[in-house]
Amino acid sequence: MLSLQNVTKLYGTVIGVNDVSAELGQGAHGLLGPNGAGKTTLLGLITGQLRPTIGSVNVFGEAPFGNRRILSRIGYCPAADLTERNATPREWVTYLMRLSGFDAAEAPRRAARALDEVGLGEACTRPLSTLSKGMRQRAKLAGAFAHDPDLLVLDEPFDGLDPVARHDLVHLVRMWSQTRSLIVASHLLHEVEALRADLAVILGGRLVANGSASEIRELVDALPTEVKFKTSSVDKLAQLACGAGVVETLYIPNEDTLIIGTRQAGRLADMVAKAVHDGLVVREVIAEDRTLEGIFSRLMKLHRGVEQ
Amino acid sequence: MKDSPQTADAYDLPHGRPPEGNNFAAIRAVTGFQLNRLMTKPRIAMGLVGALFPAAVMFAVIRTAPINRDMTVAMIYALIPEALCVLGLLVTMCPVVADELERGTWIHVTVRPGGRQSLLLGTFAAAVIWTGGVSLVSLMLTLLIAQPTQPIGLVVMFTVLIGISCIGRAALFAVPAVILPKRALIASVGVALVVEYFAGLLPAVVNQVTVSLRLRSLLVEWMAWRKDLPIEMTLFVDDYSAPVQIAAVCILVCILLTTAGFILNRRQFPPSVEN
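Top line first, the protein sequences correspond to chains E and C.
Going by this note's numbering, the residue at position 168 of the first sequence is 200; the numbering climbs one at a time, nothing skipped.
Going by this note's numbering, the residue at position 112 of the second sequence is 175; the numbering climbs one at a time, nothing skipped.
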């Protein structure tokens, strides 16, 4: 369905996407990465907004940029908020359907049906400026799938939605992905996981990992965790840790700090607890950041070959 | 939120391959949408002020001293097809890309098959309709105040001149609008001054590619002024017949719109600009 071959996109001297290669088949795919990672640029390349500086992008076997046949098979919901103030959701989605080539009779029918699906049936005659961000988000989503594309591309689709609306739209999008293809970009892991999509992690414009959610988790869990100890007995603690066989890396940045890299954080914790019980003084223990940003950072290190 | 379906089969969305775009339907859609955008109170007020301006100038002039029919025609020509049309098109045609980027609608439009072309041609049509409409209202008001003899003939002639001015200049402004969307207004003012009001008045080959030469030539021919023109003034008009002048404008419009379309089809904006 999607083939990216050494795709690089430069904006002058700024790198948007850097040497990305991937083959994605039919089904649901999540594109995960922090803000500024290059997700929107990659989606721009997939949806024919942008042309790669180097490499090639093929969707359904053809380059999408300026390709009417391919563009007609893609639905795109961008991340940016709709600021078309005076139009109503019905007018807006009908307009998009007319741009997709539907005639004056079919376009409003499709718009009404799609708006109904996203729960905007009753609010579809109110100007967009009077709707909440979540409602505008739904209007955008309706515009993306009302022409019945084969590939739906969503950029941060659940941004600004309340939990109930988020749950409903996740369900709607998941249903969609059972019969057609879906690419969802998000910086929130749980959003992508909820769609039961395969994951691709993008960082600094590079694709650093891909696979199922469980495979990504296994990859992250297999990375050494760094734990920093503040103690007056650095030598003794280092000796104990090495003796216990839990050390991957060991670093003493100054006389009262010890940083241990380990894949067996549980065993290290047990060892330290026993040492403290036996009289070793440990003033501070700081485990590495396990938030998503921390995981991104570690995947980036892995990608660069810093961590093996 | 509507109850979500439980299976994919029950998912009630229209199926069937979407069309690969219908240019004419899309252009009409963009035209209608852009005209709706222009129908806001500030834009209508601006249009009214624009329409009243030539009438007010005419009123001030004829209050000072009565003027003959030829002078009235020359004034109307300078105020409406030359000035008001250009001002109206600067407001309506220049933001063809910038407005979409500012409103966050550029991505929505350009991801549609033929969206870029439809945006250009639809906005072109809307700009011509809106500016032409304002100019015609202004023409009627000005003629009411001036009360020249044989007003019907003047209405017909100026309607054609307004139409040519709007179509030609909208196509002219489309080019800087797609090349420099963020500076489209400044660029278009520059183009208007340099191309239309400077190059157009040069007695050289370069004036052949300007709309102003065609308009002046048509005015001179239809008013039968050619035989009375001072010899030095003949340098600023063309000898070709009206159909040739109109055909020349049509060719120029096709070239300009094709160029603008070619450039627009290749325009790419980083997400930071779009957002």
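Each hint should be verified, as a subset may be incorrect.
Straight-line alpha carbon distances no greater than 30 Å define the calculated DSS-like cross-link-like pairs of lysine-lysine that follow [said to hold, decoys possible]: (1) C:K104 with C:K290; (2) E:K260 with E:K306; (3) E:K268 with E:K306; (4) C:K245 with E:K165; (5) E:K165 with C:K290; (6) E:K306 with E:K262.
A few chain E residues that don't get close to chain C, going by computed Cβ distances all over 12 Å [claimed, not checked]: (7) S35; (8) I86; (9) N99; (10) D135; (11) A136; (12) E280; (13) R295.
Read the hints as simulated data drawn from the structure, not as lab findings.
Using N, Cα and C, we set each Cβ at its ideal position, and we do this for glycine too.
Hint by hint, here is what the structure shows:
1. C:K104 with C:K290: 47 Å, violated
2. E:K260 with E:K306: Roughly 17 Å separates the two Cα atoms, so the pair holds.
3. E:K268 with E:K306: Measuring from Cα to Cα gives roughly 13 Å; hence the hint holds.
4. C:K245 with E:K165: 27 Å, holds
5. E:K165 with C:K290: Violated - the C-alpha atoms of K290 of chain C and K165 of chain E are around 67 Å apart, more than 30 Å.
6. E:K306 with E:K262: 16 Å, holds
7. S35: Non-interface label on S35 of chain E holds, nearest chain C Cβ at 19 Å vs cutoff 12 Å.
8. I86: Holds, since 14 Å exceeds 12 Å.
9. N99: N99 of chain E is in fact no farther than 12 Å from some Cβ atom of chain C, at 8 Å.
10. D135: The claim is violated: D135 of chain E sits with its nearest Cβ about 6 Å from chain C, within 12 Å.
11. A136: Check fails; 7 Å does not lie beyond 12 Å.
12. E280: Label holds. Min Cβ-Cβ 39 Å, cutoff 12 Å.
13. R295: 38 Å, holds
Taken one by one, the earlier hints fail for this structure at numbers 1, 5, 9, 10 and 11, listed in ascending order.
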